[in-house]
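Whenever a hint applies, use it, and build me the whole structure from the sequences.
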Amino acid sequence: MALRSAVAPLLIVILAWPVPSARATTAVAPPVTREADPLEVGTPPVSTPPRGTVGTTVGAPVADPDPNDAEALYNAGEQAYWLGDFRRATQLFEAAYARSGLPALLYNVGLATMRRYELTQDPEDLRRARAVLTNYAQELAKDPTLQQADNVPRLIAQLDATLASLAAPKPAAPKPAAKPSEPPPVDPQDRCEPTPVIDRSGATRRAGASIMTFGGLALAGGVATTVAFALKGQSFQQQQDKLLADAAARDCSGAASQSAACIALADSVAITVRNGQRANLLAGGLGGGLMALGVAGLVVGAVVFSRAPRLRGKLAISPALTPQAAGLILSGRF
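Going by my numbering, the first residue of the sequence shown is number 8, and it counts up by one from there.
If you're looking for bench data, these hints aren't it; they were derived computationally from the structure.
Where is the CB? At the ideal position from N, CA and C, for every residue including glycine.
Derived CB-CB ranges, DEER-like:
(1) Gly91 / Pro187: 52 to 60 Å
(2) Ala273 / Val310: 52 to 60 Å
(3) Glu125 / Ala164: 12 to 20 Å
(4) Val302 / Ser266: 47 to 55 Å
(5) Ala171 / Glu125: 15 to 23 Å
(6) Val306 / Pro191: 55 to 63 Å
(7) Ala235 / Ala210: 32 to 40 Å
(8) Pro191 / Ala168: 47 to 55 Å
So this is what it looks like as structure tokens:
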């Protein structure tokens, strides 16, 4: 941001340097101003300043001054200022002030630092220029004879305004108006198509028929098991009756009951009775369970088979002509 306001020209400082033998007693003359046109910040000088008491002609070759010679430092700083090299001018004016201690040089340091902002765009240059000019204003309060007394408050006010404008938040750039969003193109593969109706009636019927088949086999197995073990139990009953008849013939219930033959017959009867009981238990338990499972399978299979959706039959009527007869034929699926 460029500073745009009128700024008074540099102070032309008259430096009276004593000879080596009288350095401690010679006084420094007060600063005076050079007659020059006002300088606008951000623009080159309006005209080439004339030679002053200690000034140099603009356009002369710039040489490094003696760092111990305040007058040479000042002359080089003035030349750099009018050539637009505000960085070098600031450094040289600061060096001249450090060597001489003249308060008038503070004005030139502040002004050169203020102009240096045009090159660096660093707000720190503005803050430092304000601090230096504030110090010069304090020197003016001590010595009203110093020059540019009226210009310093205006420069400080200008620096304050510029620093405030830099610190103020910048308005946010307006957001571009949102364009109405268009729906994305639909991929033909992503389009919703009606789900085809799947005929599951055949699978349901097959499942019902399979269950009924399993139920029928279980029922048949249960009946066969029951009959087989029932016949086995009957044979054990017959064997038991035969053994009991043999024991009665041997009079095993009387005095001969302790004979070896009677004891063997008693053991055989007991074994036969146990086998018969087992046969009856298997006939009732295993056979009955299989028959119950078979009946349940038949019922469930029948229900599943009957609840399967059926397709409506299609009828077709077509004329028919044969050597034997002529008429209409009714055909279809029911």
